[in-house]
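Participant: Each chain, written out:
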Amino acid sequence: MARSDGGFLRSAAIFALPLVCVFASLFCGRYALTLPEVCQALVSWLPGGPAAVTPESATLVLQVRLPRALAAAAVGAALSASGAAFQGVFRNPLVNPGLLGVSNGAGFGAALAIVLFGGGAAVYPSAFLFGIVAVCASYWIARVYKSAPTIMLILGGTIVSSVFSALVSLMKYVADADTQLPSIVYWLMGSLSSVGWENFWSVAVMAAGCVVLVLFAGRVDVLSMGDKEARSLGLEVGRDKGVIVAAATFATSGAVCMAGVVGWVGLIVPHIGRMLVGSENRRLIPVSMALGGAFLVVVDTCARCLWASEVPLGILTALIGAPFFVYLLKKTKGGGWR
Amino acid sequence: MTGSASAASPTADRAAGAEAARSASPPMLKARDVRFSWGDHRVLQDFSLEVERGSVVCLMGVNGCGKSTFLDCVLGENRPASGVIEVDGGDTAGMRAWERARLLAYVPQMHERTFPYTVEHLVLMGRTAYQAGFGSTDADDRRRALEALKTCGIDRLRERACTALSGGEMQMVLLARALVQDTPLIVLDEPTAHLDFKNELVFLETVERLVRERDATVLMATHAPNQAFHLAAAGLNVKVALMSHGRVAREGTPDEVLTPDALWRYFGVAAAVAEVRFRRGGDLEGFDDGRAAVVRQIVPLSTTGSETGEDTR
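These protein sequences, in sequence, are chains D and A. If you use the working numbering, the first sequence corresponds to residues 1 to 338, in order. If you use the working numbering, the second sequence corresponds to residues 1 to 313, in order.
These aren't lab readings, by the way, just hints derived from the structure by calculation. The beta-carbon is built from N, C-alpha and C at its ideal position, and this holds for glycine as well. Any given hint might turn out to be false.
To spell it out: a stretch of chain D is covered by chain A in this simulated footprint if at least three of its residues, at any positions, have a beta carbon under 8 Å from a beta carbon of chain A; those stretches are [what the hints assert, rightly or not]: (1) 62 to 68; (2) 93 to 106; (3) 124 to 133.
Below are the SDA-like pairs computed for lysine to any residue, each with C-alpha atoms no more than 20 Å apart in a straight line [unchecked claim]: (4) D:Lys-228 to D:Phe-15; (5) D:Lys-228 to A:Lys-150; (6) D:Lys-228 to A:Glu-190; (7) D:Lys-331 to A:Leu-236; (8) D:Lys-228 to A:Asp-182; (9) D:Lys-228 to A:Glu-99; (10) D:Lys-228 to A:Asp-215; (11) D:Lys-331 to A:Ala-164; (12) A:Lys-30 to A:Gly-94; (13) D:Lys-228 to A:Val-269; (14) D:Lys-228 to A:Glu-77; (15) D:Lys-330 to A:Pro-116; (16) D:Lys-228 to A:Met-110; (17) D:Lys-228 to A:Asn-78; (18) D:Lys-172 to D:Arg-91; (19) D:Lys-330 to D:Ala-318; (20) D:Lys-228 to A:Arg-102; (21) A:Lys-30 to A:Met-95; (22) D:Lys-228 to A:Ser-37; (23) A:Lys-30 to A:Thr-253; (24) D:Lys-228 to A:Arg-96; (25) D:Lys-330 to D:Val-243; (26) A:Lys-30 to A:Asn-237; (27) D:Lys-228 to A:Trp-98; (28) A:Lys-30 to A:Asp-88; (29) A:Lys-150 to A:Asp-215; (30) D:Lys-331 to A:Ala-161; (31) D:Lys-330 to A:Thr-163; (32) D:Lys-228 to A:Asn-237; (33) D:Lys-228 to A:Glu-112; (34) D:Lys-331 to A:Leu-103; (35) D:Lys-228 to A:Thr-253.
With beta-carbon atoms standing in for the labels, derived distance ranges [said to hold, decoys possible]: (36) A:Ala-139 to D:Val-163: 48 to 58 Å; (37) A:Phe-134 to D:Tyr-186: 36 to 46 Å; (38) D:Phe-23 to A:Arg-79: 35 to 45 Å.
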């Protein structure tokens, strides 16, 4: 599988894409900035750099647009890496990172925090915590005979997801209709509008999860052979599957607590990655991270620039993702899939 | 239908003799008094079996007699309630997955393909147990993969997506994957169940080559009695272990075990044993040397109308 020069150039282009998108997004917005303004702002950020000529544009770039673009890239990368890993481990190309209930669990955590504390800083840790709780519950349900077979995990995830979805409805029902309900609904549709540097602890969580996923990518391939074959090939199936699911859950929880429920990215981006570099997860997971990061930066930039008021992310990713997925299904009917 | 119980003892004597001849090394696989239940249903009861080095053991019996359950015990998928399974002299009970994967490789009946991995990548997964840390394949792994693909006669498929292969080609890929595991024992679970007429023969011929050239030992669950005759006619050391009610009821060479009497008793099938005689250079063009001039074949005639197998407990 020697990579040709063309393959190397393509890989380089793919990995440069999120950086280019982040940089480009700094120019976009209600208040247009010029190239010197953006560059000066970035340089002034460096330790020992000269002070910015225009403090307003520096604030806009460094405190508003840059953290938001980086957050979008991190969320997209985390969701895509988790999606690719989940699709491999669960041997199902139609799986998304929310399979084991992390999205609904986090949704409930956020809604609970909004109802109890009226939102604010409590939303993030609460969403994160309940995302993890949901996946642990799915795993606990799936545990039979000292292992967690794939089909039981999927069933456990379905049960837990629907329970937390009911609990979210309950929160909506008891929420104050004037103040709390809109924030719950808005949060569930996904948005990065309130992101600042103070939320970047969840980027660290996402990064940690993604690092583990990249390291375990080769084992995702082996696990996608099925539990029995993976074990006969020499994997400690229960342990490795647990590590991968935990890493993907951390990455997804970090993403969901930062951006709310953003659908489609974790499902679609790994498929685009497969079309570009093949199914081997050691290449697919890093490539998915790059593509997903770039994709979400573009979508988020659209979300804040296209209309006068912000469009929730979840709406845009679904509107862009769904037609693309239909196209993909039609196209791959005759392709490598069965 | 009488005297079947005595059939086991001469076989055991002969097995012991052959073992002594093989420098007294332990058998490749030795299962002793293995018990396994699914809930209240006892699947394996005091199951004992020995697989000599360099031999092919065909595990036979009706559907549900416990063949796959036993293979799963060997593979570490099932944990026996009691009894010992030793592979190459080591107890498998306490083995880590990677230790086991260096002793025995497994070819499933059918592999469910989900992602279009290339054939080479699929075969390289057979090196998992040898890769330290997070496992990257090196030049040696790729050399072994290519060699295994050549041994199985499918090196031309190296770059193909596995989802684009036929069932027969896929089964050969799985055999190649088992080969790069570089194990002394290969476990096959009805490997030809989904293959056509020709591919079944291609698969058997490859297994034959592995035993002959690479000194492999094979434990194979199969439903086709003629496969045992075929491999025996090719000059291999073939044993048939006929399972009934969770234990090995009869054990020996295909000629000894696969008699009309046994097929009647354990399968509920009335069958004749036909002897097909070949004249070299005569009836069949290109028939290889080193094969018996007489090949036995089971010809099933009818079912007996009775439930299969009588209670031997």
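Participant: To test your reading of the hints: which numbers does this structure violate?
Facilitator: Failing hints, ascending: 1, 2, 3, 4, 5, 7, 10, 13, 18, 25, 32, 34, 35, 38.
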